[in-house]
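A.B. asks: Residue-level listing of the chains:
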Amino acid sequence: MAYGKYTGFKGWLYKGSTPYYAFALHRLTAMGIILFVGMHVAASFSMQQVLGTWGTTINIIYESWWFQIMVVFCVIFHTLNGFRVAVLDIWPRLLKYEREAVYLLWAVFTPIYVFTVYLIVSKALTGG
Amino acid sequence: MRPRYVPNRGINLDYLMWLFTRISGLGIILLSLIGLSSAMYMGARLQMDLPTVLRWTFFPNPNHVVNSNIPDVTIGWATAFWQIMQYLILFFAFTHAANGIRMIVEDYIGHTFWQPFVRALIALVWMGMVIIGIYVILGSAY
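Residue numbers (our numbering), protein chains in the order written: chain A, 1 to 128; chain B, 1 to 142.
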């Protein structure tokens, strides 16, 4: 998507519609996953090979419940939206229903995410 | 706004990476589902907790779950099948990510003087991550 197109930072303010926000969130969540996996690999490398303390520091950050709420959002949204994009690309005739596909995406995403956040928060509150 | 650059039609890097992104994305979903269901199956035997299930879902490596209170990691975990699964998800995930970050960055910098340098930097990081992954896979107990 967006091959050779220059949108610049103003692109984020474009008053697009529902599929556009899914596209923007797809990029944002992609960078979130890369941030998490990068931190995870760096922390593990530090703890096992360098034996410094900064790996433990990073570990404490990404194992905290508020960070996991964001990671879970990124992973679930990126997976479901990526699946939607792949399905619409394989069967382009379905592109007629792109907006409905995004509504379906949110309908599937919301219960999964709300339930996961409920589990994370209830566990964080009870200290489990 | 920069004028839009119209790409050539036919088989080129961007078309192949577009295709790869779809295939690897679906591949990662499939591999994760296999990892998740296998973790559930093996966890019934080995008393697995949630972090272990997630670790096995996204990177089914014996060393990846070794800190997770598993009595004996070698039962059902360290086989050639899982080694192949690790290589597949490693290659799919890091290549998908490297190409994705390349597309995002190139949307902002465009076709400028810096493009080859950014591509080289991303390729270097990609190669480093793949090498770390292969090191972890080969360094695990089998």
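Some hints here could point you the wrong way.
[What the hints assert, rightly or not] Chain A side only, calculated, beta carbon under 10 angstroms to chain B, not exhaustive:
(1) MET39
(2) VAL41
(3) GLY82
(4) VAL85
(5) LEU94
(6) LYS96
[Said to hold, decoys possible] Over the 12 angstroms line for every Cβ pair with chain B, so calculated as not near, a few chain A residues:
(7) ILE33
(8) SER44
(9) GLN49
(10) ILE60
(11) MET70
(12) PHE83
(13) TYR97
(14) ARG99
(15) ALA101
(16) THR110
(17) LEU125
(18) THR126
Calculated from the structure, these hints are not laboratory results. It should be emphasised that the depicted structure is a prediction, and the values quoted were computed from it without experimental measurement. Note that CB positions come from ideal geometry on N, CA and C, so glycine has one too.
A.B. asks: If a hint holds in the structure, say so; if it doesn't, say that too.
C.D. replies: Verification of the supplied hints:
At about 13 angstroms, the closest approach between the beta carbon of MET39/A and any beta carbon in chain B exceeds 10 angstroms, and the interface hint on this residue is violated. A distance limit of 10 angstroms between C-beta atoms decides the matter here; for VAL41/A the minimum to chain B is near 6 angstroms, and the interface restraint holds. For GLY82/A, the shortest C-beta to C-beta distance to chain B is roughly 5 angstroms, which falls under 10 angstroms, so the interface hint holds. Because the smallest distance between the Cβ of VAL85/A and any Cβ of chain B comes to about 8 angstroms, under 10 angstroms, the interface hint for this residue holds.
The beta carbon of LEU94/A comes no nearer than 14 angstroms to any beta carbon in chain B, farther than 10 angstroms, and the hint placing it at the interface is violated. For LYS96/A, the interface hint is violated, the least distance from its beta-carbon to any beta-carbon of chain B being 20 angstroms, above 10 angstroms. A beta-carbon of chain B comes within 12 angstroms of the beta-carbon of ILE33/A; the shortest separation is about 7 angstroms. A Cβ of chain B approaches the Cβ of SER44/A within 12 angstroms, the least distance being about 8 angstroms, so the stated non-interface status is violated.
Not every Cβ of chain B is farther than 12 angstroms from the Cβ of GLN49/A; the closest lies at roughly 10 angstroms, contradicting the non-interface assignment. With a least beta-carbon separation of about 15 angstroms from chain B, ILE60/A lies farther than 12 angstroms from that chain, consistent with its non-interface assignment. In this structure MET70/A is separated from chain B by more than 12 angstroms, as the shortest Cβ-Cβ distance comes to about 15 angstroms. Look at PHE83/A: its CB is around 6 angstroms from the nearest CB on chain B, not clear of 12 angstroms, so calling it non-interface is violated.
Every C-beta of chain B lies more than 12 angstroms from that of TYR97/A, the closest at about 19 angstroms, which supports listing it as non-interface. Separation of ARG99/A from chain B is adequate, the least Cβ-Cβ distance of about 21 angstroms exceeding the 12 angstroms criterion. At roughly 15 angstroms, the least C-beta separation between ALA101/A and chain B is larger than 12 angstroms, which holds for a residue marked as non-interface. With a cut of 12 angstroms on Cβ distances, THR110/A stays outside the contact zone with chain B, its closest approach being about 19 angstroms.
With a minimum CB-CB distance of about 17 angstroms to chain B, LEU125/A clears the 12 angstroms threshold, and the non-interface call stands. At roughly 15 angstroms, the least C-beta separation between THR126/A and chain B is larger than 12 angstroms, which holds for a residue marked as non-interface.
Taken one by one, the earlier hints fail for this structure at numbers 1, 5, 6, 7, 8, 9, 12, listed in ascending order.
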